[in-house]
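J.: Chain by chain, the residues:
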Amino acid sequence: MDESTEKVQFRGIFLKKYKKIRKQKIKEKKEEFISQRPRIRAEIERGIESDQRHRDLLNMCIFPFCTPERITKLGYRFIAAEPLSELGVKNFDFLIYNQKNKVALFGEAKGSVSNPRETISETNERIDVTREQMKYISDTYLGESPSYVEFVIGVYAMDDEKLIREIHKRGGGIIVWSIDRYNSTLSPKTLLDDRDKAIELGMLHRDASLINALKNVQTSHKLYEIFPSSHIFSLLRILLMAKTVTDEGSLILRERDLMDIVREELFYLDESIQEKKVGVIVDVAESIGFLKCVAPETYKIVSRFRMDKSLEKGLKRKYIKYNERKRLRQVIEEAISEAKEEVRGEMERMSLEKWF
Amino acid sequence: MKVPQKDYNLNSFIQYILHHWDEIGDEEGSREELKAICVLTSRLDWVESFLVGDMKNVKQFGKIFEITLPYIDKFETPRVAIYYAHYDYEKNLAILFTTTDLTEGFKKTAEKIIKRTPNLWNLWIRPTLFDTIETLILSNHPEAQITYFSANRRFSSLIKSQIRPRFDRSIQYRGKDGSETLREFKYYYGVLPTVVEYTMDDIVLRVNAEGIFTLKTANKQTIDLFLKLLDRIIEETLDLMKTAEELGFSSEKLETERKVLTIPCVEPGEIQMETKLTMEDAKEMLRSMEKEGFSAIDTLIDEGSLSLSATVMDSNKGSVFDISASESKITLIPKYRTSFDSFLRFFAFITENVDKMATFKKFSDIYG
Numbered sequence: 018m019d020e021s022t023e024k025v026q027f028r029g030i031f032l033k034k035y036k037k038i039r040k041q042k043i044k045e046k047k048e049e050f051i052s053q054r055p056r057i058r059a060e061i062e063r064g065i066e067s068d069q070r071h072r073d074l075l076n077m078c079i080f081p082f083c084t085p086e087r088i089t090k091l092g093y094r095f096i097a098a099e100p101l102s103e104l105g106v107k108n109f110d111f112l113i114y115n116q117k118n119k120v121a122l123f124g125e126a127k128g129s130v131s132n133p134r135e136t137i138s139e140t141n142e143r144i145d146v147t148r149e150q151m152k153y154i155s156d157t158y159l160g161e162s163p164s165y166v167e168f169v170i171g172v173y174a175m176d177d178e179k180l181i182r183e184i185h186k187r188g189g190g191i192i193v194w195s196i197d198r199y200n201s202t203l204s205p206k207t208l209l210d211d212r213d214k215a216i217e218l219g220m221l222h223r224d225a226s227l228i229n230a231l232k233n234v235q236t237s238h239k240l241y242e243i244f245p246s247s248h249i250f251s252l253l254r255i256l257l258m259a260k261t262v263t264d265e266g267s268l269i270l271r272e273r274d275l276m277d278i279v280r281e282e283l284f285y286l287d288e289s290i291q292e293k294k295v296g297v298i299v300d301v302a303e304s305i306g307f308l309k310c311v312a313p314e315t316y317k318i319v320s321r322f323r324m325d326k327s328l329e330k331g332l333k334r335k336y337i338k339y340n341e342r343k344r345l346r347q348v349i350e351e352a353i354s355e356a357k358e359e360v361r362g363e364m365e366r367m368s369l370e371k372w373f
Numbered sequence: 047m048k049v050p051q052k053d054y055n056l057n058s059f060i061q062y063i064l065h066h067w068d069e070i071g072d073e074e075g076s077r078e079e080l081k082a083i084c085v086l087t088s089r090l091d092w093v094e095s096f097l098v099g100d101m102k103n104v105k106q107f108g109k110i111f112e113i114t115l116p117y118i119d120k121f122e123t124p125r126v127a128i129y130y131a132h133y134d135y136e137k138n139l140a141i142l143f144t145t146t147d148l149t150e151g152f153k154k155t156a157e158k159i160i161k162r163t164p165n166l167w168n169l170w171i172r173p174t175l176f177d178t179i180e181t182l183i184l185s186n187h188p189e190a191q192i193t194y195f196s197a198n199r200r201f202s203s204l205i206k207s208q209i210r211p212r213f214d215r216s217i218q219y220r221g222k223d224g225s226e227t228l229r230e231f232k233y234y235y236g237v238l239p240t241v242v243e244y245t246m247d248d249i250v251l252r253v254n255a256e257g258i259f260t261l262k263t264a265n266k267q268t269i270d271l272f273l274k275l276l277d278r279i280i281e282e283t284l285d286l287m288k289t290a291e292e293l294g295f296s297s298e299k300l301e302t303e304r305k306v307l308t309i310p311c312v313e314p315g316e317i318q319m320e321t322k323l324t325m326e327d328a329k330e331m332l333r334s335m336e337k338e339g340f341s342a343i344d345t346l347i348d349e350g351s352l353s354l355s356a357t358v359m360d361s362n363k364g365s366v367f368d369i370s371a372s373e374s375k376i377t378l379i380p381k382y383r384t385s386f387d388s389f390l391r392f393f394a395f396i397t398e399n400v401d402k403m404a405t406f407k408k409f410s411d412i413y414g
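Listed in order, the protein sequences are those of chains A and B. Numbered by our numbering, the letters in the first sequence go through residues 18 to 373 in order. Numbered by our numbering, the letters in the second sequence go through residues 47 to 414 in order.
Bear in mind the hints are in silico, worked out from the structure with no lab data behind them. The reader is advised that the hints may include incorrect statements.
What the hints assert, rightly or not - With a straight-line cut-off of 25 angstroms between C-alpha atoms, the simulated BS3-like cross-links for lysine-lysine are:
| hint | chain 1 | residue 1 | chain 2 | residue 2 |
| --- | --- | --- | --- | --- |
| 1 | B | 305 | A | 117 |
| 2 | A | 330 | B | 222 |
| 3 | B | 375 | A | 326 |
| 4 | A | 333 | B | 329 |
| 5 | A | 90 | B | 337 |
| 6 | B | 407 | A | 232 |
| 7 | A | 90 | B | 408 |
| 8 | B | 161 | A | 333 |
| 9 | A | 119 | B | 299 |
| 10 | B | 48 | A | 326 |
| 11 | A | 338 | A | 357 |
| 12 | B | 48 | B | 109 |
| 13 | A | 293 | A | 317 |
| 14 | B | 299 | A | 152 |
| 15 | A | 90 | B | 288 |
| 16 | B | 109 | A | 117 |
| 17 | B | 305 | A | 90 |
| 18 | A | 232 | B | 375 |
| 19 | A | 330 | B | 109 |
| 20 | A | 119 | B | 305 |
Here chain B stands alone, though its shape is the one from the complex:
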């Protein structure tokens, strides 16, 4: 997808895409779908993270940035992925529009940057929010169906499962009864959705739990629905982001008669769960965390009830935080190079593997 250079705002950019979709919806010769990749960040310099080489790969078209990122595809051919990004200051949200394929082009370019840059985070959609999305869609489009979904579960997950809970499993399902099937799979097999496709009269919209929307029908109705869902998702996720951003380890000055003392001031966070962790669960949790890029050192686990403490290193973002846990809560203590998304990725991990109803709040909001 390539749009001509002129000044756009989000609205005029979308209008341009919709009016010229037949001409611009190609990606190096083949027809591609329009994707909107949503990224949360409060960094005003966020676009600089996408600069590469001679730094000429980012151009400003009014309120839209054109970002061109080179990569080598699986046939060793040099290619480029082009993104058109818009940033909403109020929502702390960047939307990257692209026709690049998600499996290779996105993975080798923007995804790598988002994953390694502190304070940039793919808009996470917590599993329970998919139910809200379905309700919201059905209230406006009673004919809507889930025609595709993908869902998975880790063997160590503590999310309820009726059948053989101690198995890793993933499922991709196509069928017009997707809604019922997903419910059944959730109930019997304890899986959580990672991608859900909603089909209505003129709309086919695929929603990925990492905030990637595939607008299979590039028309006004689909764009409107996407923006409406985005508002609802942002409403919830922005609160989490604000909580995570307020966690910190700083110092204050205390003036006494003859000295100015430096004293520490820590704002921790707390995850509260209904599920009660056992020692075995905690050990498994520490093991599973590694797949998400979290490594635990200085670990101390005591049985009785449960007492767990560790220093967690986020290898993706280079941040360091401490955890102190009992059976139904985990305190997160920010330490070094903290990045709000490290806390939220950890919270997402707990939500997806331990308790999907878990809550995340500032320590001072609970005990202050």
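Looking at chain A on its own, in the form it has when it is part of the complex:
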């Protein structure tokens, strides 16, 4: 931190003492930071991967509702990801709607279920919010009121049974989609032999033709690259898809190309929100030194690499370094305020001693 801009309220021996303590504290904190750097780095990488895995599962849930298959022929279509996220309330991951029979499906993708009770409690909270906001959903997302609503949790096959048992124990109301990630298939699953009973408990779709069409339906790990609450690194990655290569070989990003991709990826969001996303991507990319503005709304990609895979690695490295620097600045600030506290305490003690 720049000393000239720092307001130091100490004088004489206290100033000397403060400077000494501050130096020592900064040194200690820096050493601690360096020793913890691999952990910090791993934490950032874990955050990026966890977002990637969530996207993977979410795409597997919505893909059959976007392709010309039996399901879309029945009328079930993907409408939006993370409905209600703009209100800052607890929301589901996706909304599917069938305009023919007016059935709405709200679903959640859950990559791992370590505590089924907790998962169901969270989903129940989301169900309550969704029911409360049904008018808003009808007005904003559907343009009509659904006649029937079902709630879904999409999980990998290894987690399905424990979740179904817990749902059953708690009276039903949630349908489980079991996803086989290795064969890329999805199926609604119930442990009840009696299909009517499962439907009655809200643990299977009421529409029998949907159950049949969804049984072992082929799906895909990929479809959308970003969702509204995607990790900033996932957002940054789409810069690589939006860039163009000039005849001289420079990599150029035009904001309008980025906007085109954001518009396609987040087609269900308002244009103003899409524009905000573009703004955030460009700002962060400039801050981490990946983009440099060369003309209005035009940027140059700052990298010695040309292959996209290497560009992605470079982008990640810059993103991680930027976060490390940010974290380092934080610990230095912490050290300074600790030093101030310590000297201030001593000053108070000494003035009290004088008084006595």
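Model the placement of chain B on the given structure of chain A, informed by the hints.
T.: This is chain B only, laid out in the frame that chain A set:
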């Protein structure tokens, strides 16, 4: 090769070449062979991709375009490569006739344009089609022999090989027993042909896996055989092209009581293989893809059985598509600036490195 300016159709152009071959078969003083470079495209403006500078380098001679492309040769001398192109709308096929050498003139001019222009693709001949070509030639010319071939294999290839499969190898072979030798090399060394030369009584025709035919004997018999083979190749490849062209990511409108909703509509493709990919194979596949101009980002690979997903960037054409793979199939999801040839080059890569019998279909044709 330079032909006088007048109105030609394909037939009259070929007739002119054959009748005047002795006069026109020179390329700046030296004798050159006649080549026919076949390019698949459904772009009606395809010829505009070849315009350079003041745009006067493309002239129309009836149904034939004369395309002149300048380049600097290895001795730093400015030269030009001249192509005479004919486009068949029904077959989506452009044939570029030229005497320019393939190693320099073509590489520095038309090849560069074809490689970078979206929706233009050198007519790919899949490895198994070379067997069909041989059978077809032998049925009409029992005396035919393979007198030259070139073949290769990548160390990472999963195509069966009896001897030391984990080696990069390439072979060029000359000899009248080329047919038997190629079979043996395919069986023992797991190589796939890239160029095959067929020799008959009055015909010497060299076929390159990228759809380049060298008519070493510029006569009617050779032209007839070339056109016959082309029909057979097109028959198969055109189906693949149509499949690839139909892949897309679009949106539809859905009208509800008070709103018109935009909903996505994706038509993916699927490559199915008999060969089962392991995680190591998949990692190697991603590495090898880079040599073909494909770069994979946002990659996620899980072991167990195999689950692989990635966004593939085609640096040649600037297109972007996603892949989602299990051990025996790969789903291709079109994303941005898609070009049919990006999918087909990817399919060609799989056919030449993973499973030569792989199939490529629209997702809706399999599961719809």
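J.: Hint by hint, say whether it matches the structure.
T.: Hints, verified against the model:
Simply put, residue 305/B and residue 117/A have alpha-carbon atoms about 15 angstroms apart, close enough for the 25 angstroms limit, and the pair holds. Among the hinted pairs, residue 330/A with residue 222/B is inconsistent with the structure: their alpha-carbon atoms are about 51 angstroms apart, more than 25 angstroms. Straight-line distance between C-alpha atoms of residue 375/B and residue 326/A comes to about 23 angstroms, which keeps the hinted pair within the 25 angstroms bound. Distance hint between residue 333/A and residue 329/B is fulfilled; the C-alpha atoms sit about 20 angstroms from each other, no more than 25 angstroms.
Of the pairs offered as hints, the one joining residue 90/A and residue 337/B is violated, with about 41 angstroms between alpha carbons and a cut-off of 25 angstroms exceeded. At most 25 angstroms may separate the alpha-carbon atoms for a hinted pair to count; residue 407/B and residue 232/A meet this at roughly 22 angstroms. Of the supplied pair hints, the one linking residue 90/A and residue 408/B holds, its CA atoms being roughly 17 angstroms apart against a limit of 25 angstroms. With a CA separation close to 30 angstroms, the supplied pair residue 161/B and residue 333/A exceeds the 25 angstroms bound.
Of the supplied pair hints, the one linking residue 119/A and residue 299/B holds, its CA atoms being roughly 16 angstroms apart against a limit of 25 angstroms. Distance restraint check for residue 48/B and residue 326/A: the Cα-Cα separation of roughly 45 angstroms exceeds the 25 angstroms cut-off, and the hinted pair is therefore not satisfied. Pair hint residue 338/A plus residue 357/A does not hold up; C-alpha atoms about 29 angstroms apart against a cutoff of 25 angstroms. Simply put, residue 48/B and residue 109/B have alpha-carbon atoms about 16 angstroms apart, close enough for the 25 angstroms limit, and the pair holds.
Restraint check for residue 293/A and residue 317/A: the C-alpha separation of about 20 angstroms stays at or below 25 angstroms, so the hint holds. Our distance criterion of 25 angstroms between C-alpha atoms is met by residue 299/B and residue 152/A, whose separation comes to about 22 angstroms. A threshold of 25 angstroms between alpha carbons decides the hint, and for residue 90/A with residue 288/B the separation of about 23 angstroms falls inside it, so the pair holds. The hinted pair formed by residue 109/B and residue 117/A fails the criterion: a straight-line CA distance of about 52 angstroms is larger than 25 angstroms.
This hinted pair checks out: residue 305/B and residue 90/A have alpha carbons roughly 21 angstroms apart, not beyond 25 angstroms. Of the supplied pair hints, the one linking residue 232/A and residue 375/B holds, its CA atoms being roughly 19 angstroms apart against a limit of 25 angstroms. Simply put, residue 330/A and residue 109/B have alpha-carbon atoms about 50 angstroms apart, too far for the 25 angstroms limit, and the pair is violated. For the hint pairing residue 119/A with residue 305/B, the CA-to-CA distance comes to about 14 angstroms; that is within 25 angstroms, so the pair holds.
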